[in-house]
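Peer 1: As a plain string of letters, each chain reads:
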Amino acid sequence: MNLSKELSTRQESARHAAAKDYTEYFSFSRKSSTVVILIAILVVIGYFIWWLNIPFIEDIFTAGTITLIMALGFQLFMGNSGVLNWSYVGYVGIGAFASAIFSMTPSFKAMQIPTMYPFLVNLHLPFPVALVAGAMVAMIVAALVAWPLMRLSDAVGAITQFALLIVINVLLSQWSQITNGPRTFTLGGTRLTSLWVALGVAVLVIIIVYYFKESSLGLKLRATRDDRYAARSSGINFVAVRYYAYVVSAFIGGLAGGLYSHYILSITAASFYMGELFMILSMLVIGGSMSVSGAFFGTLFVTLMRQFLRQAENFLTRSGFEASGSTEIVVAVLMIIFLVWQADGITGGEELTWEKIKRRLPNGKKSREKVSKNVKQEEKA
Amino acid sequence: MNAEILFEFVINVLSMGSLYALISLGLVFVFGICQLVNYAYGEYITVSGYVLYFLGVFTNLPWPVVFLLGILAGVAIGFFSELVAFRPFRERSLDALLVTSFAVSIILQRLFQLGISPRSKAVPVPAFFNLNIQLFGVITPLRNLLIIGTTIVLLTVLVLIMKYTTLGIAMRGASENFVTARLMGVPANLMISAAFIISGLLAGVVAIFWSARTGSVEPMMGGTPLLIGFIAVVIGGMHSLPGSVLGGYVYAFISNVLSLTLPSSLLSFRDAFMFAIVIAFLVLKPEGLLRGNYQEERVG
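Sequences listed follow chains A and B, in order. Number 350 in the working numbering belongs to position 355 of the first sequence; there are no gaps in the numbering. Take any residue in the second sequence, note its place counting from 1, add 395, and you have its number in the working numbering.
Looking at chain A on its own, in the form it has when it is part of the complex (with noise of 0.2 Å):
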């Protein structure tokens, strides 16, 4: 309800402040406090890491950042749609593979896979480019299938993007011309994604996610996840805001995976699949998928615990039980707890801003009491 009045408020002021109509998807509302937030306490943590310079660590964190990456390129389309977007891990497939056959040099691809077509021997982009260009591929893919596809909601959605993800990891495992068919893809060469370069794209992907969702473009997103039918008796044009999104989303998903392969270095279509959708999946969950702020945090969290869960699982091993697995168990039973007493996760589906912060500060109890005074009265009338 809401919504719907600041979207067309919002809409007249875009009416009347320019004619053309392209103004009313850049106009964004002046609240950043999140942004800031986010970007902060990723880098403080990230400076922290590079400091104590311990190997071990710095992978964790950086494998840990690029996850982060995929997670918010889910929220972007999932979080602001409400359409369970299944196929997404396919994007993050199709940008690893491409960015990787984009930077490996011509001679170590006619090494490694003597089946590719030549023309994609020869292809050689430095790093940054290749990244980019494994995320555009992603991108146009997705442009290209997305369109009928954004019609569909409810099961018959999910179906469909369930069976779009079957259809791309079939053609990831099976094209033996371009991936190296079911076997492993080896990169070869040095790592490139670092920390900084993962952590760099990280505070990118997290001010495009947010300032989207903020924009008037997000904002009619949200309003067609709330009510489908007022939305669209309000003039928004569903499947050209869902479709804009799904593009975006598959574009940030492709720069995810092509971080991924550059961070691995060696990897099979099996990785983008059921494995993968489930981990980024319950940090949405966990975490509250409405909010960037959830997906951050929810991210943070799942990381954690698995991290954790994995050295328990490892010194459980090595005593002797087996326990490999046990890790997924706890993150599921997690994961239905959340949906059963907190289905918007740990962040309530709400932004984490500098006033909800200083409300929490000691000094700042009495305007929290205020608040919720205001609300009790705005209930009663």
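You can take every hint at face value.
When the alpha-carbon atoms are kept at most 25 Å apart in a straight line, the in silico SDA-like pairs for lysine to any residue are as follows:
#1 B/K680 x A/V151
#2 B/K516 x A/G315
#3 B/K680 x A/R146
#4 B/K680 x A/A235
#5 A/K26 x A/R220
#6 A/K351 x A/V31
#7 B/K516 x A/T312
#8 B/K516 x A/S321
#9 A/K351 x A/I202
#10 B/K516 x A/I324
#11 B/K680 x A/N232
#12 B/K680 x A/Y238
#13 B/K680 x A/A141
#14 B/K680 x A/D149
#15 B/K680 x A/V165
#16 B/K680 x A/V140
#17 B/K516 x A/A265
#18 B/K680 x A/R223
#19 B/K516 x B/L526
#20 B/K516 x A/G320
#21 B/K680 x A/F233
#22 B/K680 x A/Y224
#23 B/K516 x A/T322
#24 B/K516 x B/L467
#25 B/K516 x A/F316
#26 B/K516 x B/P536
#27 B/K680 x A/L139
#28 B/K680 x A/V136
#29 B/K680 x A/A138
#30 B/K516 x A/P177
#31 B/K680 x B/L622
#32 A/K26 x A/R355
#33 A/K351 x A/S210
#34 B/K680 x A/P143
#35 B/K558 x B/L684
#36 B/K516 x B/P459
#37 A/K26 x A/I352
#38 B/K680 x A/R227
#39 B/K680 x A/A150
Hints were generated in silico from the structure; no laboratory data involved.
Chain B: place on chain A using the hints.
Peer 2: What follows is chain B alone, placed relative to chain A:
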């Protein structure tokens, strides 16, 4: 010669189609009542498969008892998974249910890996299953004919139940319009439990024939039948029980035709073709071959 090939093709389509029809019917029973696409359905089959394995290897029970207990295991896991994992979400969004069924599926898979073994185990199969018999000049294992017979019997029983018993009529009412059915005094919990029990029962029957065909059970074995069920259900019609049966046979037909006609270089992409057909169906004809009580669900 040509007639023989044709006859072999028909037997293959009918036997595979019968199995697929049972799989998709199990999915549709739950979907019809509570609109849940149950990702954990494949794991019901796995549970039954493991029970068959344990009873077959470690006990000397006669085959009918083993099969019966295997089917009962499917029924039990269907019933209890609904009770524990799905019931708390009844009033929540469909997406929450979907995500939960996905999580339940992962939990069960990991439990099998952890508790039993990540590697596949050979399942003992009664000798008469693999008995080759000759029919009109075509040699085929007996299990292919058994699955056709079993499916005919099961479908007849289910049709009779759905048509003539109070429970069946109530379930059909509930799948048509759940709210109205409740207003007429149909107990919601009973309906949903019954749907999951029938779904588990079908999964148990499927497990017998599936493990006889592959000869082994493993933690991830539920994945393939689940995907087949998805395709069959979408092709046949998600809101119609006869539609899902038809979808199973159509899937077997398309899959056999693709195996015969695709050049060998494209054969490994068969699944991609199958799922492309699924997407096309969902976009162009979301109600499936048989319409059922399809309600407009898409937008735009």
